[in-house]
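In the order they appear, the protein sequences are chains X and P. Take the first sequence: its letters are residues -16 to 121, numbered as in the working numbering. Take the second sequence: its letters are residues 50 to 181, numbered as in the working numbering.
Read the hints as simulated data drawn from the structure, not as lab findings. All residues carry an ideal CB built from backbone N, CA and C; glycine is no exception. Treat the hints with care, since some could be wrong.
To be verified - Sample of chain P residues with no beta-carbon within 12 Å of chain X, all distances over it, derived:
no.: 1; residue: I79
no.: 2; residue: E84
no.: 3; residue: A103
no.: 4; residue: Q106
no.: 5; residue: E108
no.: 6; residue: F109
no.: 7; residue: N110
no.: 8; residue: Q119
no.: 9; residue: N148
What the hints assert, rightly or not - Below, computed lysine-lysine pairings styled on DSBU-like, alpha-carbon distance capped at 30 Å:
no.: 10; chain 1: P; residue 1: K53; chain 2: X; residue 2: K34
no.: 11; chain 1: X; residue 1: K116; chain 2: P; residue 2: K53
no.: 12; chain 1: X; residue 1: K1; chain 2: P; residue 2: K53
What the hints assert, rightly or not - Quick list of simulated restraints, FRET-style, between CB atoms:
no.: 13; chain 1: P; residue 1: A103; chain 2: X; residue 2: Q57; range: 27 to 35 Å
no.: 14; chain 1: X; residue 1: Y112; chain 2: P; residue 2: V172; range: 19 to 27 Å
no.: 15; chain 1: X; residue 1: G72; chain 2: P; residue 2: H122; range: 31 to 39 Å
no.: 16; chain 1: X; residue 1: H99; chain 2: P; residue 2: E156; range: 42 to 50 Å
no.: 17; chain 1: X; residue 1: Q109; chain 2: P; residue 2: M50; range: 22 to 30 Å
no.: 18; chain 1: X; residue 1: R114; chain 2: P; residue 2: P105; range: 42 to 50 Å
no.: 19; chain 1: X; residue 1: K59; chain 2: P; residue 2: A103; range: 29 to 37 Å
no.: 20; chain 1: P; residue 1: P104; chain 2: X; residue 2: S15; range: 19 to 27 Å
no.: 21; chain 1: X; residue 1: L102; chain 2: P; residue 2: E113; range: 44 to 52 Å
no.: 22; chain 1: X; residue 1: R114; chain 2: P; residue 2: E113; range: 37 to 45 Å
no.: 23; chain 1: X; residue 1: H99; chain 2: P; residue 2: N110; range: 43 to 51 Å
no.: 24; chain 1: P; residue 1: K145; chain 2: X; residue 2: K63; range: 24 to 32 Å
no.: 25; chain 1: P; residue 1: T142; chain 2: X; residue 2: K63; range: 23 to 31 Å
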Amino acid sequence: MTIELDEISNEDTAIESKFDLLIVLQQAPYSSASANEALDLALAAGTFEQKVALLFIEDGVYQLMSEQAPDALQQKSLEKMINALSFYGVSMLAVESHSLFERDLHPEKHIIQGVHFELLNTKSIQDLYDRSKTIIRF
Amino acid sequence: MTLKLSILVLGSPYNSQAAYSALRYTQAAISLGHEVYRVFFYQDGVHTSTRLSAPPQDEFNIYEAWQSLQKEHSLDFVTCIAAAARRGVLNDTESKRHNLPAANLAEGFDLSGLGQLVEANSVSDRLVTFGA
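Chain X with its partners taken away, still in its complex shape (with noise of 0.2 Å):
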């Protein structure tokens, strides 16, 4: 058994790769300027070809539901900074997985189509932070 973890665990770390930035974002969309600053930084880290991963975690996965209409707050749509990630070169999105389970969000369901979303349990995540060198939290 324990090979076999093993195997698994070399597996994972052989197709992970290190970051720049690791940015967190925990916060729910719209209630202040944090999402939309948080994915400013990301979209400048992104031009200056840093890599750049994002994680959403906590009331954060709320920033990645589809059919966001903010337009009755007078605020932009995040959405649409999201979707302009990949054109930055910001390729790695994660979300935690616990974090969607807690608020009864599914994936194929609620969040926003046409991007690539790792879904990462608790262990991935403590991965992800050792492989990045600075993490900013939101």
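Since chain X is already given, all that's left is putting chain P on it; use the hints.
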């Protein structure tokens, strides 16, 4: 071993302890001989860089403390230009550009873009965040 450090301040002076802790951390790092490459003020942290604040005489003046720390060690203080404009922190150029009646960026602070934060992260051994 000395480190090249950059500091990111996200919290405003009276809303959290972030700005105060960041100040103390920066002072301590310098006194231990570490290099502080840049202090970057973002989100509500930009409020630290106003020169139009007047705390009561018998209270600690955190604005003054940051300004004198910058002056004493010629530190590189950068305030995010977009986050600052949103919150009413402007230098002369920005004030004129937005056609506004006054400017309030404190001496020793520069307004610049997020690229300065990204660059600080890439050249520093550590970027230490305070706030939110």
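Here's how the hints hold up against the structure:
no.	hint	result
1	I79	holds, 21 Å
2	E84	holds, 17 Å
3	A103	holds, 26 Å
4	Q106	holds, 32 Å
5	E108	holds, 27 Å
6	F109	holds, 27 Å
7	N110	holds, 27 Å
8	Q119	holds, 22 Å
9	N148	holds, 22 Å
10	P/K53 to X/K34	holds, 20 Å
11	X/K116 to P/K53	holds, 14 Å
12	X/K1 to P/K53	holds, 21 Å
13	P/A103 to X/Q57: 27 to 35 Å	holds, 33 Å
14	X/Y112 to P/V172: 19 to 27 Å	holds, 22 Å
15	X/G72 to P/H122: 31 to 39 Å	holds, 35 Å
16	X/H99 to P/E156: 42 to 50 Å	holds, 47 Å
17	X/Q109 to P/M50: 22 to 30 Å	holds, 26 Å
18	X/R114 to P/P105: 42 to 50 Å	holds, 47 Å
19	X/K59 to P/A103: 29 to 37 Å	holds, 35 Å
20	P/P104 to X/S15: 19 to 27 Å	holds, 25 Å
21	X/L102 to P/E113: 44 to 52 Å	holds, 49 Å
22	X/R114 to P/E113: 37 to 45 Å	holds, 41 Å
23	X/H99 to P/N110: 43 to 51 Å	holds, 49 Å
24	P/K145 to X/K63: 24 to 32 Å	holds, 31 Å
25	P/T142 to X/K63: 23 to 31 Å	holds, 30 Å
Violated hints: none; the structure is consistent with every hint.
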